[in-house]
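Student: Use these hints to put chain F onto chain R, whose structure you have.
So the sequences go chain by chain: R and F.
Residues in the first sequence are numbered consecutively from 0, following numbering that gives the first Met the number 0.
Residues in the second sequence are numbered consecutively from 0, following numbering that gives the first Met the number 0.
These are computed hints drawn from the structure, not numbers from a lab.
Do not take every clue at face value.
Pairs involving identical chains hold if they fit within one copy or between any two copies, as the list cannot separate such chains.
Unchecked claim - Taking lysine-lysine and the DSS-like style, the derived pairs with C-alpha atoms no more than 25 Å apart in a straight line are:
id	residue 1	residue 2
1	268	307
2	326	268
3	210	186
4	185	268
5	186	136
6	136	185
7	136	247
8	247	259
9	307	259
10	259	301
All of these numbers come straight from a predicted model, not from anything done at the bench.
Protein chains: 2
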Amino acid sequence: MENQRTEIASLGEFGLIDHLTRNFEIQNASTIVAVGDDAAVIDHFGKQTVITTDLLLEGVHFDLMYTPLKHLGYKSVIVNLSDVYAMNATPTQITVSIGITNRFSVEALNEFYEGLYAACEKYGVDLVGGDTSTSHKGFVISVTAIGEVAPEKFVRRSTAQKGDLICVSGDLGAAFLGLTLLEREKKIYLENPQVQPDLENEDYIVGRMLKPEARRDTVKFLADNEIIPTSMMDVSDGLSSEILHICKQSNLGCKLYEEKLPIAEQSRKAAFKFGLDPTVCALNGGEDYELIFTMKQEDYDKITLNEKISVIGYMTDISEGTKFITKAGNTFDITAQGWNAFEQH
Amino acid sequence: MENQRTEIASLGEFGLIDHLTRNFEIQNASTIVAVGDDAAVIDHFGKQTVITTDLLLEGVHFDLMYTPLKHLGYKSVIVNLSDVYAMNATPTQITVSIGITNRFSVEALNEFYEGLYAACEKYGVDLVGGDTSTSHKGFVISVTAIGEVAPEKFVRRSTAQKGDLICVSGDLGAAFLGLTLLEREKKIYLENPQVQPDLENEDYIVGRMLKPEARRDTVKFLADNEIIPTSMMDVSDGLSSEILHICKQSNLGCKLYEEKLPIAEQSRKAAFKFGLDPTVCALNGGEDYELIFTMKQEDYDKITLNEKISVIGYMTDISEGTKFITKAGNTFDITAQGWNAFEQH
Numbered sequence: 000m001e002n003q004r005t006e007i008a009s010l011g012e013f014g015l016i017d018h019l020t021r022n023f024e025i026q027n028a029s030t031i032v033a034v035g036d037d038a039a040v041i042d043h044f045g046k047q048t049v050i051t052t053d054l055l056l057e058g059v060h061f062d063l064m065y066t067p068l069k070h071l072g073y074k075s076v077i078v079n080l081s082d083v084y085a086m087n088a089t090p091t092q093i094t095v096s097i098g099i100t101n102r103f104s105v106e107a108l109n110e111f112y113e114g115l116y117a118a119c120e121k122y123g124v125d126l127v128g129g130d131t132s133t134s135h136k137g138f139v140i141s142v143t144a145i146g147e148v149a150p151e152k153f154v155r156r157s158t159a160q161k162g163d164l165i166c167v168s169g170d171l172g173a174a175f176l177g178l179t180l181l182e183r184e185k186k187i188y189l190e191n192p193q194v195q196p197d198l199e200n201e202d203y204i205v206g207r208m209l210k211p212e213a214r215r216d217t218v219k220f221l222a223d224n225e226i227i228p229t230s231m232m233d234v235s236d237g238l239s240s241e242i243l244h245i246c247k248q249s250n251l252g253c254k255l256y257e258e259k260l261p262i263a264e265q266s267r268k269a270a271f272k273f274g275l276d277p278t279v280c281a282l283n284g285g286e287d288y289e290l291i292f293t294m295k296q297e298d299y300d301k302i303t304l305n306e307k308i309s310v311i312g313y314m315t316d317i318s319e320g321t322k323f324i325t326k327a328g329n330t331f332d333i334t335a336q337g338w339n340a341f342e343q344h
Numbered sequence: 000m001e002n003q004r005t006e007i008a009s010l011g012e013f014g015l016i017d018h019l020t021r022n023f024e025i026q027n028a029s030t031i032v033a034v035g036d037d038a039a040v041i042d043h044f045g046k047q048t049v050i051t052t053d054l055l056l057e058g059v060h061f062d063l064m065y066t067p068l069k070h071l072g073y074k075s076v077i078v079n080l081s082d083v084y085a086m087n088a089t090p091t092q093i094t095v096s097i098g099i100t101n102r103f104s105v106e107a108l109n110e111f112y113e114g115l116y117a118a119c120e121k122y123g124v125d126l127v128g129g130d131t132s133t134s135h136k137g138f139v140i141s142v143t144a145i146g147e148v149a150p151e152k153f154v155r156r157s158t159a160q161k162g163d164l165i166c167v168s169g170d171l172g173a174a175f176l177g178l179t180l181l182e183r184e185k186k187i188y189l190e191n192p193q194v195q196p197d198l199e200n201e202d203y204i205v206g207r208m209l210k211p212e213a214r215r216d217t218v219k220f221l222a223d224n225e226i227i228p229t230s231m232m233d234v235s236d237g238l239s240s241e242i243l244h245i246c247k248q249s250n251l252g253c254k255l256y257e258e259k260l261p262i263a264e265q266s267r268k269a270a271f272k273f274g275l276d277p278t279v280c281a282l283n284g285g286e287d288y289e290l291i292f293t294m295k296q297e298d299y300d301k302i303t304l305n306e307k308i309s310v311i312g313y314m315t316d317i318s319e320g321t322k323f324i325t326k327a328g329n330t331f332d333i334t335a336q337g338w339n340a341f342e343q344h
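In isolation and in its complexed conformation, chain R is listed as follows (with noise of 0.2 Å):
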């Protein structure tokens, strides 16, 4: 049937969206932000809500090996309300459609459900639907949130400016820690079921990758001090990757400093426990969840009190190329090592 194979793989993630979505024409005015941001903004006569969905599957976001159904409910709901509050909006509502196999029990259902509802409870969003099917193979999780924005108070990812402060919330690279101790030790229990786990003391890295927050409280803090960031999205794939997108789609360039990067001192320990640089896995590690965003310079004042954001670096003009700056003064590249699904499996 086809002359031609070109390999998914050749394209990434970003280029297959780009790709298969390159000729589609919008048709209705309500559309006013579509295909490539955090979310999309619909407007509803005048007032505007976003838009989100995530697509979990077993074996390639998850692994129910380390993984407790509670905790995977909890993070279905989570990465897609921080979708939400990186278009600087609140989430309210989400449907939830799984795909199971038949080794679930209604027990094992309701530990899910329960890690669902207590994210939904927890953060002010009501399950409105979803779809129930069987899965031949494997766990299957689609969730869509929906959230309200003031009118055009919506952030995009295309809207940064030169000179803008990039600024992060909270703590990056734990959640790549985490991932990587859980592997180290699925790895060790399957070659001896009899070894007992060993995640004493790394409570705040697992914690970080099992079960990760949404950033309410950034967003918050920005509406209430009347900053209106002029970019911004979440850091799913890793900072690296983010920033690169900032840059692309506002047509700029960055410096990002390395000895500005926020690392929990939990962290630094693993990775030196690992023999893995901090930095690396602040810059490549992915589903930390933060948010990264770029605001004017003279709202620097503004954040200097909050010590859950970080000024990291800033914007330049495109000529001047994505720049990362190391504690020893090199400069380097930055490169897009952030979690491609496609490479990666």
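Tutor: For chain F alone, kept in the frame of chain R given last:
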């Protein structure tokens, strides 16, 4: 970890959803209709939108051996639009998430998206987001559709009244017969790959299975003729299953008449060829994506000239049960023989 194991099949799909959502309380005033209808209804500052989602899994919901990818893309959109129309709303946006194995080439995905875009164009909806992942096993498709509805004009399943006429659009059973034919030809082919599939003269039933349409015309007709259905849903699991939902949720009984069931001539012929009862196919076959709705008796004159709407019975008091009256005058209880994915597989 678990002391008790309850098999999911023991609850069935609808029982499972009831079970999992039983304790969930709505937190947002904007959530007007949550789980339990064709779509959710969300209030946006006095205006209303609907949202619905479907998960389609290879080997459960479709078989790539006889489903062209372009048709699959088209159908993936249609099944969601059908749920939006079933709320008496107009679809406006969709999101599409897919999980794909590396046996798919970019060209194959192009075909899928061609079908998807064809449906978007025909029905005037915009693709506004999604997610693309690798899948270790099988093609996974999750579509969410958003629609608009004038304030308080959405139609639920739970609002039928005693004495209301039960109507259905188009004709029933064709998709099930198309599936039966495709499964038969697949079996013959697997046993003897030299034999070419014989789909001759069966365009209608095969088309109804592989490339269904959503009933936009019915919703438009109702609006043009100022008929507000008292309840409505789409026929995806089978007429028996759907009318039982309406009866249960409206707390009523019903009488359906065999002689009134709309069955296409092509479907009757195909049923005869396969040794099946066309009435059973119409009652229990799924995936027709017609609309079943109830309306006040005084609206009857408005629909008599519409050949695409059939009156098949009426709603009764709950004490009269849910009854099916055959051409021979015998009365049977209606049972949900609809497609229950948990029992079938």
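Student: Taking 25 Å as the upper bound on the Cα-Cα distance, should residue 210 and residue 186 be classified as within, between, both, or neither?
Tutor: The answer is within: 21 Å in one copy meets 25 Å, while 47 Å across copies does not.
Student: For residue 326 and residue 268, with the copy left unspecified, which applies at a CA distance of at most 25 Å: within, between, both, or neither?
Tutor: Within one copy, since 19 Å is at most 25 Å while 79 Å is not.
Student: Indicate which option fits the pair residue 186, residue 136 if close means a Cα-Cα distance not exceeding 25 Å: within, between, both or neither.
Tutor: both (22 Å within a copy, 23 Å between copies)
Student: My question is about residue 307 and residue 259: at a cut-off of 25 Å on alpha-carbon distance, are they close within one copy, between copies, both, or neither?
Tutor: Close inside one copy (13 Å), not across copies (67 Å); limit 25 Å.
Student: Checking residue 268 and residue 307: alpha-carbon separation at most 25 Å within a copy, between copies, both or neither?
Tutor: within (20 Å within a copy, 70 Å between copies)
Student: Between the shortest in-copy and the shortest cross-copy C-alpha distance, which are at most 25 Å for residue 259 and residue 301: within, between, both, or neither?
Tutor: Classified as within; 18 Å inside a copy, 71 Å across copies.
Student: At most 25 Å between C-alpha atoms: does residue 136 with residue 247 qualify within a copy, between copies, both, or neither?
Tutor: Intra 38 Å, inter 33 Å, cutoff 25 Å: neither.
Student: Please sort residue 185 with residue 268 into within, between, both or neither, judging by C-alpha distance up to 25 Å.
Tutor: within (20 Å within a copy, 59 Å between copies)
Student: Check residue 136 against residue 185 for me: Cα-Cα at most 25 Å, and say if that holds within a copy, between copies, both or neither.
Tutor: Cα proximity of residue 136 and residue 185: in one copy and across copies (21 Å, 22 Å).
Student: Please sort residue 247 with residue 259 into within, between, both or neither, judging by C-alpha distance up to 25 Å.
Tutor: within (22 Å within a copy, 61 Å between copies)
Hint check: a violation occurs at hint 7 only; the rest are consistent with the structure.
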